[in-house]
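> Protein chains in written order, with my numbering: chain S, 2 to 265; chain H, 701 to 1144.
To be clear, the hints were calculated from the coordinates, so they are not data collected in a lab.
Heads up, some of the hints might be wrong.
As the list claims (entries may be wrong) - Pairs of lysine to aspartate or glutamate residues, derived as EDC-like cross-links and limited to a Cα-Cα distance of at most 20 Å, are as follows:
hint	chain 1	residue 1	chain 2	residue 2
1	H	Lys784	S	Asp174
2	S	Lys100	H	Glu801
3	H	Lys891	H	Glu801
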Amino acid sequence: MWQNLARLLRYRGLIQSLVSRELKARYRGSVLGFFWSFVNPLLLIGIYSFVFATIMKTDEKETKPFAVFMFCGILPWTWFSASLLEGSASLIAGGNLIKKVLFPAEVLPIVAVFSNMIHFLLGLPILAGFMIYNSHMPVGANLAWFPVIVLVQLVFTLGCVLVLSALTVHFRDLRDLLANLLTLWFFATPIIYPYFREGVKEYSAIFKPNPFFHLVVSYQESLFFQGPLGHWPSLLLLGGLSILFFLAAYWLFDRLRDSFAEVV
Amino acid sequence: MKTAPAIELVDVTKIYRRYGGKQYATLKSALLQRSILREMNPKDTFQALKNVSFNVPAGSTFAVVGRNGSGKSTALKLVAGITKPTSGTVSVTGRISALIELGAGFHPEISGRENVFINGIMLGLSKREVAERFDEIVEFAELKDFIDAPVKTYSSGMYMRLGFAVAIHVDPDVLLVDEVLAVGDEGFTHKCLDKFSEFKRRGKTILLVTHSLGLVERFCDEAIWLDHGEKLAEGDPKRVIGAYLMDVESAEEGYLAQEDAKAKEEVAEDKGSVPEVQGQTPSEPQNMFQANEGRWGSGGVTITGVTLRDQTGEAGHVFHSGEPMSIELAVKADKPCDDFVFGIAMFNTDGTCVYGTNTDIEGYAAESLISEATVNFGIEALDLVEGTYKLDVAVHRKDGAPYDYHRLLYTFRVKSRTKDAGIYRPRHHWSFSESARLKRTTEN
């Protein structure tokens, strides 16, 4: 397993070029091209803020401006859920490669995570634009935590995707299951509502074991709220656990590796 | 010359699970059964390779031949490391490049140029190495003008050529080739062969899986023959191919015998409904596939058996061009009869009558036929080109009214080492005057 992990490092060139291919290919032939990376989250935010801020009038003082608040959670969530959906199907989609070319299969799900991470990063300037427009700037000290949060999410997502992609090869139902599960997960995580709101607070027992809860809250504290980033112990704990989870996931992937070429 | 093996398979067995039956009913049951993979019930498994061992010495060109489903490609995948053997060991020394499927991993939306880079990196080159070889690759693929177009606009030939060009420029120590020489036009095929020759000269090892036996004979130092996962022969390519061809022939023999039996059975089944005498001999059909096989006639005299024999007198269905063959009819008359003609006709698959004759045409006047008799039609030399032929046999009255007419019920195959065209091969020889010099390359 360690050997394979080391080998994976040698293949970073391949991951790099596959990620760039993925990005190039995705918008090839569309008029707006790369622009979609910006437009997609914008549209999503537009819809959500219309529904929640205008129709349901749920914006309280702490979460003003609501669009910026939501953006802080939706952006990382989109990265996470798209990675999972694409990554879990990546081995099956790349079946031809796995069967005919000798290269480490984990490259495929990993590429899915990284290419979506690029989209995530491309969304950040829009978030910044929103902040400037609403003159709601993050606190500098909190902002310093941002790369840490991204890193934790990266490790955690990689772990999830490795497990899911390996299992999806054998149990294809997972793909459909996952899509539904992600919807549930999205609403169960305080992304479009603040976790401290009255009536939401009681559910903290549900939030605590949810890894993405800690990520989202960290993002929100880092980018949105003015107070200090009080969530950092949980974040670091999640980071540590994510590393262990990633290793366990890689171990599982490694064990199932030989079966891919036959089953895909 | 004994050199260290570049590829070594020792006692390799590969068992595939058979899917399609019920797999694990649910994810839960799979997880509960602790091991997701290792449980293999012999009923749901398929042995693709059975205790196969072979060595490919470094620098040699080695061929694997065998019928479809014999385990050739599995062997190649094991050598490539794409799958792992169930038991036994596979070891390979040096960098491998596998031409198993060309252009696997090309992304249709992006340009040929980018695909070359990604494919090259995937096959184990670094970005720099690909850049160094890029021009050479493009030139080899003959795609200079199209290299910046997206791959989805390529024709399948262009696609294959590009895939081949990348794979071959990986500059491997061991090259695995799976039946990919059929890409591109004649010119490109020659280029590929030249490239292989160059590999050979430079002392690289080539493992070739192919159905093109001529290529094996011309090209390879050694060959093995796999059949149903077992190694049946190994060694000199000519000998291995000879053994393989003999086996193919006997399999065809079995198949034709089965077909014959089936045709006869079918006819026997609707015998009752077949109308009696049709009055005149049926006119020649234009096409054998339109002509119905069948059997008709008034009875009285019947053909009870048709046997094809080779020169040694052995019954069979596969014959070699130019060798003797005989057609033997067993006939039976219900009561003594003095008006009868035996006839025979051969058709090729286009429905063209290759030859037809009967005892009346050839001046035999019928005198008497009492109960059972054998009629033998001896052919001194079966001078037909390779192909499948069908037989009509009949016994009828002198005026043409059939007693028993068997239409296209018997099939035989003519095999030939020469791939000449047409139907009939006249006995011939070539001779040349002094100034035209030719050298014989095949013995026949």
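> Verify the proposed pairing of H/Lys891 with H/Glu801, using a straight-line Cα cut of 20 Å.
holds, 18 Å
> Is it true that the CA of H/Lys784 sits at most 20 Å from the CA of S/Asp174?
violated, 27 Å
> Given the hinted pair S/Lys100 and H/Glu801, is their alpha-carbon gap at most 20 Å?
Between S/Lys100 and H/Glu801 the Cα gap is close to 9 Å, so the pair holds against 20 Å.
When held up to the earlier numbered hints, the structure conflicts with hint 1 and nothing else.
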